[in-house]
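Q: Please build the complete structure, drawing on both the sequences and the hints.
These protein sequence lines are chains A and B, in that order. The numbering of the first sequence is the numbering used here, which starts it at 1 and goes up by one. The numbering of the second sequence is the numbering used here, which starts it at 1 and goes up by one.
Just so you know, these hints were derived from the structure itself, not from any lab. Quick caveat: nothing in here was measured; it's all calculated off a predicted structure. Positions of the beta carbon are idealized from the N, C-alpha and C atoms, including for glycine. Watch out, some of these pointers could steer you wrong.
[What the hints assert, rightly or not] Now the stretches of chain A that chain B is said to cover, found in silico as 3 or more residues with beta-carbon under 8 Å:
| hint | segment |
| --- | --- |
| 1 | 45-51 |
| 2 | 81-93 |
| 3 | 435-443 |
| 4 | 532-538 |
| 5 | 546-554 |
[To be verified] Only pairs whose alpha carbons sit at most 25 Å apart, straight line, appear in this in silico BS3-like list of lysine-lysine:
| hint | chain 1 | residue 1 | chain 2 | residue 2 |
| --- | --- | --- | --- | --- |
| 6 | A | Lys457 | A | Lys568 |
| 7 | A | Lys509 | B | Lys51 |
| 8 | B | Lys51 | A | Lys568 |
| 9 | A | Lys476 | B | Lys51 |
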Amino acid sequence: MELDVPWTDHYGRTHKTMVGRPVSMHAMRGISAHANGFQTCRAVHLLQILLGTIDAPGGFRYKAPYPRPIPPAIKPTGKSGQVFPNEPLPGPPLGFVTSPDDLLIDEKGTPQRIDKAYSWDAPLAAHGMMHMVITNAAKKDPYGIDVLFMYMANMSWNSAMNVPDTIKYLTMKDETTGDYVIPKIIYSDAYASEMVHYADLILPDTTYLERWDCISLLDRPISEADGPADSIRQPVVAPDRDVRPFQTVLLDLGARLGLPGMTTAEGKPRYPGGYEDYIVNHERAPGIGPLAGYRGVDGTLSGKGAPNPDQLKRYIKNGCHFFHELAPEQKYFKHVNKIYLDFATGFGLIEAPNAIIHQLYCEPLQKFKLAAEGHGAVQPPETHRKRLIEAFDPIPNWYPPFEGKMIDETKFPMHAVTQRPMAMYHAWGSQNQWLRQILGRNWLYIAHQRAASLGIKDGDWVTLTSHHGQIRAQAKLMNGVNPDTVWTWNAIGKRSGTWGLENNAPESKQGFLLNHLISELLPEREGGYRFSNSDPVTGQAAWYDLRVRLEKAADVNGLSAPQFPDLKPVRAAQ
Amino acid sequence: MTMLPETTEKKLGLVIDLDTCVGCQACATSCKEWNAQGYSAPLEDEDPRGKDPHGPWLNRIHGYEVLDEVREDSRIVHFPRSCLHCETPACVIVCPTGASYKRAEDGIVLVNPDTCIGCKLCSWACPYGAREYDVKEGIMRKCTLCVDRIYNENFAEEDRIPACVRACPTSARHYGDLGDPNSDVSKLVKERGGFDLLPEMGYKPTNKYLPPRKRRDQAEEGREALPKSDRSMVDRLFALADSLLSGKAGPH
Ligand code: SF4
Ligand code: SF4
Ligand code: SF4
Numbered sequence: 001m002e003l004d005v006p007w008t009d010h011y012g013r014t015h016k017t018m019v020g021r022p023v024s025m026h027a028m029r030g031i032s033a034h035a036n037g038f039q040t041c042r043a044v045h046l047l048q049i050l051l052g053t054i055d056a057p058g059g060f061r062y063k064a065p066y067p068r069p070i071p072p073a074i075k076p077t078g079k080s081g082q083v084f085p086n087e088p089l090p091g092p093p094l095g096f097v098t099s100p101d102d103l104l105i106d107e108k109g110t111p112q113r114i115d116k117a118y119s120w121d122a123p124l125a126a127h128g129m130m131h132m133v134i135t136n137a138a139k140k141d142p143y144g145i146d147v148l149f150m151y152m153a154n155m156s157w158n159s160a161m162n163v164p165d166t167i168k169y170l171t172m173k174d175e176t177t178g179d180y181v182i183p184k185i186i187y188s189d190a191y192a193s194e195m196v197h198y199a200d201l202i203l204p205d206t207t208y209l210e211r212w213d214c215i216s217l218l219d220r221p222i223s224e225a226d227g228p229a230d231s232i233r234q235p236v237v238a239p240d241r242d243v244r245p246f247q248t249v250l251l252d253l254g255a256r257l258g259l260p261g262m263t264t265a266e267g268k269p270r271y272p273g274g275y276e277d278y279i280v281n282h283e284r285a286p287g288i289g290p291l292a293g294y295r296g297v298d299g300t301l302s303g304k305g306a307p308n309p310d311q312l313k314r315y316i317k318n319g320c321h322f323f324h325e326l327a328p329e330q331k332y333f334k335h336v337n338k339i340y341l342d343f344a345t346g347f348g349l350i351e352a353p354n355a356i357i358h359q360l361y362c363e364p365l366q367k368f369k370l371a372a373e374g375h376g377a378v379q380p381p382e383t384h385r386k387r388l389i390e391a392f393d394p395i396p397n398w399y400p401p402f403e404g405k406m407i408d409e410t411k412f413p414m415h416a417v418t419q420r421p422m423a424m425y426h427a428w429g430s431q432n433q434w435l436r437q438i439l440g441r442n443w444l445y446i447a448h449q450r451a452a453s454l455g456i457k458d459g460d461w462v463t464l465t466s467h468h469g470q471i472r473a474q475a476k477l478m479n480g481v482n483p484d485t486v487w488t489w490n491a492i493g494k495r496s497g498t499w500g501l502e503n504n505a506p507e508s509k510q511g512f513l514l515n516h517l518i519s520e521l522l523p524e525r526e527g528g529y530r531f532s533n534s535d536p537v538t539g540q541a542a543w544y545d546l547r548v549r550l551e552k553a554a555d556v557n558g559l560s561a562p563q564f565p566d567l568k569p570v571r572a573a574q
Numbered sequence: 001m002t003m004l005p006e007t008t009e010k011k012l013g014l015v016i017d018l019d020t021c022v023g024c025q026a027c028a029t030s031c032k033e034w035n036a037q038g039y040s041a042p043l044e045d046e047d048p049r050g051k052d053p054h055g056p057w058l059n060r061i062h063g064y065e066v067l068d069e070v071r072e073d074s075r076i077v078h079f080p081r082s083c084l085h086c087e088t089p090a091c092v093i094v095c096p097t098g099a100s101y102k103r104a105e106d107g108i109v110l111v112n113p114d115t116c117i118g119c120k121l122c123s124w125a126c127p128y129g130a131r132e133y134d135v136k137e138g139i140m141r142k143c144t145l146c147v148d149r150i151y152n153e154n155f156a157e158e159d160r161i162p163a164c165v166r167a168c169p170t171s172a173r174h175y176g177d178l179g180d181p182n183s184d185v186s187k188l189v190k191e192r193g194g195f196d197l198l199p200e201m202g203y204k205p206t207n208k209y210l211p212p213r214k215r216r217d218q219a220e221e222g223r224e225a226l227p228k229s230d231r232s233m234v235d236r237l238f239a240l241a242d243s244l245l246s247g248k249a250g251p252h
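A: Structural data, given as structure tokens:
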């Protein structure tokens with residue numbers, strides 16, 4: 001495969017054509033949701049590299065802001081000695097560690113973050129480890145906390161592993177003092193989700209239709225393989241309730257707390273106009289802000305440029321998005337394409353026009369492996385060495401997922417997974433009265449062949465048991481599923497009394513979650529330590545490692561199990 | 001009894017591609033959204049937050065698992081269902097008040113909400129299940145082909161198409177004049193072997209469906225034999241990659 005387009009590589013050599021290889025791969029993030037997910041992803045990418053399909057015609061193509069330097073030069077902040085009470089964190093909370101020296105641990109190796117990200121438990125946890133926060137806070141491991149503040153993460157329900165214990169932790173009291181172990185919970189959500197019921201202070205959010213947003217190149221933009229693109233949302237209806245956009249509330253809180261990025265030198269709010277003010281005027285680096293389009297005082301600059309007070313108007317005029325199409329000679333081999341790298345530097349996507357070289361052998365991983373083998377000043381505790389040596393192979397490897405290895409697979413011979421229904425993919429509100437007519441409850445999908453061998457017929461009730469828990473659900477049989485796997489729709493099951501639904505709603509009476517079966521902690525390992533149920537490299541939650549046993553069950557009043565006590569509908573504070 | 005026009009100037013309708021429809025329901029919710037606020041009355045739901053939420057929809061998508069007994073495998077086919085704006089539909093003929101009618105200018109079949117008495121004869125006469133009774137309003141509802149969009153001059157040109165067509169993320173829905181053999185939709189039907197639903201009923205549906213394509217491993221054309229190894233450098237590199245990725249046992 002060849003495109004008749006000349007291009008120049010990073011050595012300045014000109015090539016007459018762009019030679020590609022028509023092999024593209026489709027993979028989604030579920031691949032990483034296993035304890036061996038990171039190495040599997042690396043293996044897929046290694047294959048792409050060896051096949052010569054990275055950003056080549058016919059292959060996988062980068063979308064801006066990628067390609068980025070490997071690894072990006074940002075390190076996480078939060079080592080002991082960097083964090084003080086009542087003072088802002090002096091750097092970004094997330095980043096890319098490249099050696100044990102970058103870990104956020106103290107001299108004893110104790111994790112410094114409540115989620116234990118960037119510790120020996122999960123050294124490269126570049127996304128943090130949301131799924132461990134409540135458990136760790138309740139167990140005061142590594143420490144207890146005063147306030148838990150969360151936004152739009154349904155952590156007492158479908159975003160939590162091990163829902164029953166999570167609920168217990170959220171309401172647990174210290175036996176001697178009688179105080180809550182997690183003393184204060186602040187939560188922001190647009191809906192009366194399960195998590196809202198555990199909050200001491202609720203910050204009611206707007207919906208997406210009632211506020212400004214930007215889908216930014218600094219985060220997860222709409223981008224195109226043919227060039228950088230970003231977009232905005234604008235409010236199309238005025239809120240008819242006492243709600244505020246969460247981002248505006250955050251800026252307000254930041255200003256009240258006097259955080260330096262959110263206040264002026266005189267201590268006044270830096271973005272008095274709320275989030276829309278921030279979108280236009282915030283600069284991460286000089287000239288680089290949340291939106292790349294229509295920058296500069298007159299709106300003629302792209303990528304880098306002074307803030308433009310009319311930027312949002314210009315976006316609206318352009319259909320709420322901005323797209324810069326790359327020149328034909330910039331569109332492929334972007335990681336080693338001189339003209340592209342020069343462009344990307346000027347545009348503010350990368351800092352310098354250096355070639356971005358893919359690593360077959362990953363030196364940062366090897367540094368951790370060597371530390372585990374006893375080299376260097378910063379070494380892991382005994383409990384962690386074996387696991388680090390196994391997982392931190394500098395060449396992609398495969399090892400069995402922990403939940404399969406640490407439990408008796410003959411007792412739990414099947415896999416159970418979820419997927420999100422397409423109709424609800426980008427709707428936070430699956431309780432919506434139209435969407436719930438389309439899908440108001442879920443079923444457990446089982447292969448005909450497996451069901452027959454267990455005496456299960458379409459519509460029968462079944463139990464699904466893991467090493468951690470048990471649920472009861474109603475079966476539907478199909479052919480298009482591996483006989484060793486069962487699956488269901490994600491997050492359709494709701495707790496009775498939530499989401500503004502009546503107590504007899506099918507979402508709570510027949511709907512169910514697999515979350516109850518998934519432990520956030522692995523069984524004890526040598527030395528009694530319980531690691532989180534995550535990829536040991538990245539800390540990514542290993543949702544898809546779940547092993548189960550399937551059995552036919554009795555119909556108990558047509559109810560799924562477990563059923564939790566009804567929650568009382570949320571009322572506005574007096 | 002209501003008379004049908006002998007011919008219509010145009011045959012406006014939809015062509016729905018069963019190959020690319022992924023069952024996302026975007027067309028169903030956009031249809032409900034558009035039609036709940038414009039022409040006729042709102043499409044209100046009953047028991048919206050309770051045990052059995054239900055209400056009228058002008059477009060529904062059903063998912064089927066189709067089993068190939070010979071190959072012992074299956075595929076999921078999503079089937080969007082709305083009024084087919086038939087050429088000779090009994091749903092119009094049986095209407096006692098003239099509320100149901102077929103337009104002579106473009107062939108669209110509509111219900112006049114002011115004269116519909118909710119007798120439901122038409123829904124019995126429709127073999128496609130395309131009409132739904134609106135309990136709250138006491139009238140029959142059906143797809144209007146978004147008649148209040150397609151001629152709406154207040155809209156930008158690209159929005160003068162049905163809401164469902166506008167919403168479909170995979171372009172599985174096409175709108176146009178199926179009476180004109182040179183229209184894009186007619187050409188598409190020809191090229192892809194578009195077909196009528198239940199032709200034996202004799203209703204002559206205007207809307208057409210495009211069949212799912214053969215799976216790639218069943219298609220005859222375009223198949224290439226795998227090249228044999230020539231022990232070249234590239235070949236050996238692949239062999240190395242292969243052994244790295246599959247040959248090496250895990251560390252446990
Ligand atoms: S599909 Fe049904 S409602 Fe529509 S025109 Fe044909 S018979 Fe009438
Ligand atoms: S044409 Fe309009 S009324 Fe008919 S199904 Fe599509 S959106 Fe609904
Ligand atoms: S919007 Fe398109 S893809 Fe989605 S269900 Fe409708 S026809 Fe199918």
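Q: State for each hint whether it applies.
A: Now the hints, each set against the structure:
no.: 1; hint: 45-51; verdict: holds (count 4)
no.: 2; hint: 81-93; verdict: violated (count 0)
no.: 3; hint: 435-443; verdict: holds (count 5)
no.: 4; hint: 532-538; verdict: violated (count 0)
no.: 5; hint: 546-554; verdict: violated (count 0)
no.: 6; hint: A/Lys457 with A/Lys568; verdict: violated, 36 Å
no.: 7; hint: A/Lys509 with B/Lys51; verdict: holds, 9 Å
no.: 8; hint: B/Lys51 with A/Lys568; verdict: holds, 17 Å
no.: 9; hint: A/Lys476 with B/Lys51; verdict: holds, 21 Å
Checked against the numbered hints given earlier, the structure breaks hints 2, 4, 5, 6 and satisfies all the rest.
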